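**Q** Here's the letter readout for the chains.
Number of protein chains: 2
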Amino acid sequence: MNEDLKINLERLISTFDTSSSIGVTKNNGLNRIGLTSDDKKMRDIFVEWLKDEGLDIRIDDLGNIYGKRCGTSPDENPVVIGSHLDTQPNGGRFDGILGVLSSLEVIRVLNEKDIKTKRSIEIVNFTLEEGARFGIPMEGSGVITGNYEKEYVYKLNDKNNVTFKEALESIGYRGEIVNRLKNPGFFVELHIEQGPMLEINDKQIGIVEGVKGVTKFEVVIEGQASHAAYPAIGRRDALVASSEMVLFIDSITEQFDDLSTTVGVFEVSPSLYSMSAGRVKFTFDVRHINDQIRAKAIKLIINEIKKIANEKTLNYEVNEFWNIDGTYFSNKINNLIENSIVKRDYTYQYITSGAGHDAKFFNDLCDSTVIFTPSKDGLSHCEEEFTSFDDIEKAANVLLDITYDLANK
Amino acid sequence: MNEDLKINLERLISTFDTSSSIGVTKNNGLNRIGLTSDDKKMRDIFVEWLKDEGLDIRIDDLGNIYGKRCGTSPDENPVVIGSHLDTQPNGGRFDGILGVLSSLEVIRVLNEKDIKTKRSIEIVNFTLEEGARFGIPMEGSGVITGNYEKEYVYKLNDKNNVTFKEALESIGYRGEIVNRLKNPGFFVELHIEQGPMLEINDKQIGIVEGVKGVTKFEVVIEGQASHAAYPAIGRRDALVASSEMVLFIDSITEQFDDLSTTVGVFEVSPSLYSMSAGRVKFTFDVRHINDQIRAKAIKLIINEIKKIANEKTLNYEVNEFWNIDGTYFSNKINNLIENSIVKRDYTYQYITSGAGHDAKFFNDLCDSTVIFTPSKDGLSHCEEEFTSFDDIEKAANVLLDITYDLANK
Numbered sequence: 001m002n003e004d005l006k007i008n009l010e011r012l013i014s015t016f017d018t019s020s021s022i023g024v025t026k027n028n029g030l031n032r033i034g035l036t037s038d039d040k041k042m043r044d045i046f047v048e049w050l051k052d053e054g055l056d057i058r059i060d061d062l063g064n065i066y067g068k069r070c071g072t073s074p075d076e077n078p079v080v081i082g083s084h085l086d087t088q089p090n091g092g093r094f095d096g097i098l099g100v101l102s103s104l105e106v107i108r109v110l111n112e113k114d115i116k117t118k119r120s121i122e123i124v125n126f127t128l129e130e131g132a133r134f135g136i137p138m139e140g141s142g143v144i145t146g147n148y149e150k151e152y153v154y155k156l157n158d159k160n161n162v163t164f165k166e167a168l169e170s171i172g173y174r175g176e177i178v179n180r181l182k183n184p185g186f187f188v189e190l191h192i193e194q195g196p197m198l199e200i201n202d203k204q205i206g207i208v209e210g211v212k213g214v215t216k217f218e219v220v221i222e223g224q225a226s227h228a229a230y231p232a233i234g235r236r237d238a239l240v241a242s243s244e245m246v247l248f249i250d251s252i253t254e255q256f257d258d259l260s261t262t263v264g265v266f267e268v269s270p271s272l273y274s275m276s277a278g279r280v281k282f283t284f285d286v287r288h289i290n291d292q293i294r295a296k297a298i299k300l301i302i303n304e305i306k307k308i309a310n311e312k313t314l315n316y317e318v319n320e321f322w323n324i325d326g327t328y329f330s331n332k333i334n335n336l337i338e339n340s341i342v343k344r345d346y347t348y349q350y351i352t353s354g355a356g357h358d359a360k361f362f363n364d365l366c367d368s369t370v371i372f373t374p375s376k377d378g379l380s381h382c383e384e385e386f387t388s389f390d391d392i393e394k395a396a397n398v399l400l401d402i403t404y405d406l407a408n409k
Numbered sequence: 001m002n003e004d005l006k007i008n009l010e011r012l013i014s015t016f017d018t019s020s021s022i023g024v025t026k027n028n029g030l031n032r033i034g035l036t037s038d039d040k041k042m043r044d045i046f047v048e049w050l051k052d053e054g055l056d057i058r059i060d061d062l063g064n065i066y067g068k069r070c071g072t073s074p075d076e077n078p079v080v081i082g083s084h085l086d087t088q089p090n091g092g093r094f095d096g097i098l099g100v101l102s103s104l105e106v107i108r109v110l111n112e113k114d115i116k117t118k119r120s121i122e123i124v125n126f127t128l129e130e131g132a133r134f135g136i137p138m139e140g141s142g143v144i145t146g147n148y149e150k151e152y153v154y155k156l157n158d159k160n161n162v163t164f165k166e167a168l169e170s171i172g173y174r175g176e177i178v179n180r181l182k183n184p185g186f187f188v189e190l191h192i193e194q195g196p197m198l199e200i201n202d203k204q205i206g207i208v209e210g211v212k213g214v215t216k217f218e219v220v221i222e223g224q225a226s227h228a229a230y231p232a233i234g235r236r237d238a239l240v241a242s243s244e245m246v247l248f249i250d251s252i253t254e255q256f257d258d259l260s261t262t263v264g265v266f267e268v269s270p271s272l273y274s275m276s277a278g279r280v281k282f283t284f285d286v287r288h289i290n291d292q293i294r295a296k297a298i299k300l301i302i303n304e305i306k307k308i309a310n311e312k313t314l315n316y317e318v319n320e321f322w323n324i325d326g327t328y329f330s331n332k333i334n335n336l337i338e339n340s341i342v343k344r345d346y347t348y349q350y351i352t353s354g355a356g357h358d359a360k361f362f363n364d365l366c367d368s369t370v371i372f373t374p375s376k377d378g379l380s381h382c383e384e385e386f387t388s389f390d391d392i393e394k395a396a397n398v399l400l401d402i403t404y405d406l407a408n409k
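The listed protein sequences correspond, in order, to chains A and B. So the first sequence is numbered by the working numbering: it starts at 1 and just counts up by one. So the second sequence is numbered by the working numbering: it starts at 1 and just counts up by one.
Misleading hints may appear alongside valid ones.
A pair holds if it fits inside one copy or across any two, identical chains being indistinguishable in the list.
[What the hints assert, rightly or not] Straight-line C-alpha distance at most 27 Å; calculated DSS-like pairs for lysine-lysine:
1) Lys281 / Lys312
2) Lys118 / Lys155
3) Lys307 / Lys343
4) Lys296 / Lys165
5) Lys159 / Lys182
6) Lys376 / Lys312
7) Lys281 / Lys216
8) Lys159 / Lys6
9) Lys296 / Lys116
10) Lys312 / Lys216
11) Lys281 / Lys113
12) Lys332 / Lys51
13) Lys216 / Lys296
14) Lys26 / Lys116
Hints in this document: simulated from the structure, not taken from any laboratory. As the structure is a computational prediction, the values presented were derived from the model and not from experiment.
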């Protein structure tokens with residue numbers, strides 16, 4: 001790392017102020033859904049900023065925006081930094097946006113100091129990472145990394161029956177397929193944590209080890225609805241049994257470090273004043289980066305569901321309907337990040353992410369990772385989303401260091 | 001009791017067969033909602049049967065049907081026996097019907113043997129005990145015992161906007177107010193248990209001590225919905241807390257003999273695949289004949305709800321929205337019933353009822369009680385409802401004894 005480098009916080013705050021004024025909600029959040037007029041406004045300004053830095057600008061056929069700062073060895077694969085400028089409905093000012101604006105600040109510092117790097121650096125804004133409009137997340141990065149078919153994404157409809165392709169064309173951001181990012185060398189994304197761990201542990205930066213794998217199940221428990229006048233003995237109450245299952249699914253997180261479980265859908269029938277429950281349908285999901293640990297927890301949960309149902313002579317069904325294995329990010333990059341943090345004397349921890357972010361797709365193509373900043377009260381995707389500029393300054397400095405280091409590798 | 005008396009099972013079965021053919025469902029249940037054409041068919045036949053026994057027949061302004069067998073001391077208040085011939089939608093062949101048809105058999109035996117009694121005996125079929133059509137139960141007995149206003153019941157609408165009064169008139173069963181039952185001396189109702197206790201305890205007859213009091217509450221638990229990607233630590237999951245509450249409400253029945261509790265309505269928000277619960281609304285009801293015991297159980301439950309909510313820093317509301325105190329039936333009659341059972345060498349137990357039946361209203365006017373027969377698997381209000389004729393014969397003999405005894409008191 002170059003110890004003279006540091007970001008200009010005042011400038012970064014001013015960049016944020018501009019972003020925070022486009023699509024603003026009444027409680028100072030942002031409602032900047034991808035491929036809407038507010039998204040276009042933000043994109044247009046972003047493109048101007050890239051021009052101001054003299055970058056080589058491209059728009060690809062998904063509307064992803066790239067700005068390339070050429071290195072001295074154009075044959076080396078580039079270092080890619082960035083994230084997304086779109087938000088959830090009534091979302092916050094930081095999720096995604098932090099990664100793009102900090103990357104821009106990195107470029108500005110390098111330009112200001114006239115620093116040459118061996119590799120090129122590409123800053124990127126991915127289209128519709130939030131997936132809030134067309135139902136699937138990470139549409140822009142998903143297609144260019146080969147995870148989604150382009151035609152599939154183009155035909156996705158929003159609730160007003162506008163397709164992705166129509167929306168993309170309507171804001172004038174349908175570019176050329178030749179402009180897609182090719183052969184990334186490294187990908188680094190700065191992002192807010194979207195959870196409370198850094199705040200709870202009082203750490204300034206999270207080095208993201210990887211993304212938790214997720215397995216989802218649907219469970220149906222069938223007993224017998226009884227009138228409330230029926231005595232306590234001899235009932236086959238599906239809600240009482242399901243309550244035991246919920247508590248087991250919740251408490252198993254104490255057995256495995258960093259495991260998280262969630263009972264999501266929970267539907268009780270008949271759900272009437274004077275009737276016990278004859279049937280409960282619920283879903284649960286189990287998240288852990290390590291696939292073996294996740295499998296072990298799942299086995300314990302399913303065994304417990306069977307045991308409870310059998311003891312109470314209830315019928316049950318347990319069906320897996322979704323699985324994504326855990327993703328491990330690049331240790332190589334993470335070690336460099338740790339070096340930067342230690343030199344700068346920031347506090348930090350290694351952490352896993354519950355959500356994928358654009359980096360998850362890039363990890364299949366090149367060494368990738370994510371750097372986390374703390375989220376106040378662990379909140380995200382809401383107007384209250386907040387990361388302090390103290391924390392942002394530190395994380396942006398680390399992003400500057402790692403970009404410089406990787407670009408000279 | 002007169003030890004020579006016993007009911008004619010063959011005749012009673014034949015009476016049942018007729019009833020079981022009116023409003024029959026495809027699975028051999030009955031769908032004989034009150035004040036419908038099938039109810040009229042059954043009523044017309046019942047009136048014919050009463051005529052055949054030479055009874056003095058009256059229809060009152062609620063459509064209740066009475067048949068009076070005059071005693072030798074017409075100034076003494078009559079013994080009233082009976083129940084209701086209407087059913088729940090897709091209900092069974094026994095609930096209510098058993099009480100009316102067995103009472104008819106009692107009259108037939110007394111007539112056949114030409115037995116005179118001191119008091120008159122009145123057999124009764126009450127209108128719409130099930131309340132399946134106009135939303136409140138026990139409409140016929142409720143008005144004549146002063147528990148409902150007649151005008152209120154007359155104006156009740158069914159789902160097709162037909163009023164009780166219109167329905168009553170349409171089947172030709174709106175009689176005169178002067179025909180209402182006056183000054184009952186005793187009321188005895190034979191009914192199926194609608195629960196499993198006699199079957200579980202292998203008893204042929206239940207002597208009903210009284211009706212459990214009922215208190216109902218609505219509970220709202222508010223935490224914070226979190227995305228499933230959020231770590232296990234720091235969540236405020238309203239479903240996990242509510243599950244603990246459900247288990248406490250269920251398990252408290254082990255602390256108090258004959259207490260029953262039911263969580264009925266149970267609604268989770270947002271109930272989405274990848275979100276934990278931010279809010280749960282549920283209702284619970286607590287049933288015990290003894291008001292002090294019920295109050296004690298309620299206090300323990302509410303304390304536990306508060307404790308769980310506070311431990312997990314959740315907001316909560318607990319509101320009582322319904323209370324009926326416990327009812328104790330006549331020990332005097334129950335002792336006589338016990339004498340009859342012992343002499344006839346049947347097995348029996350004392351039992352409380354979770355539901356009111358017409359007898360609950362009569363208990364305020366005169367010594368009243370209910371006799372229970374076993375229900376297979378505890379089921380009622382469904383096509384599977386079943387009581388064996390072995391059990392029915394025994395219970396009808398006891399009804400015969402107690403009617404005879406009370407009528408000569």
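**Q** Next step is simple, just say for each hint if it's right about the structure.
**A** Now for the hints, and whether the structure bears them out:
1. Lys281 / Lys312: So Lys281 and Lys312 pass the 27 Å test inside a copy (17 Å) and across (25 Å) alike.
2. Lys118 / Lys155: neither (40 Å within a copy, 88 Å between copies)
3. Lys307 / Lys343: neither (53 Å within a copy, 47 Å between copies)
4. Lys296 / Lys165: neither (43 Å within a copy, 65 Å between copies)
5. Lys159 / Lys182: neither (33 Å within a copy, 67 Å between copies)
6. Lys376 / Lys312: For Lys376 and Lys312, the Cα distance is within 27 Å only across copies (19 Å; inside one copy 43 Å).
7. Lys281 / Lys216: Both. Shortest intra-copy (14 Å) and inter-copy (25 Å) distances satisfy the 27 Å Cα cut-off.
8. Lys159 / Lys6: Answer is neither; intra-copy 45 Å and inter-copy 74 Å both fail.
9. Lys296 / Lys116: neither (50 Å within a copy, 79 Å between copies)
10. Lys312 / Lys216: Close inside one copy (25 Å) and across copies (26 Å); limit 27 Å.
11. Lys281 / Lys113: neither (60 Å within a copy, 60 Å between copies)
12. Lys332 / Lys51: Neither: 32 Å inside a chain and 99 Å across chains, both beyond 27 Å.
13. Lys216 / Lys296: within (14 Å within a copy, 42 Å between copies)
14. Lys26 / Lys116: neither (43 Å within a copy, 86 Å between copies)
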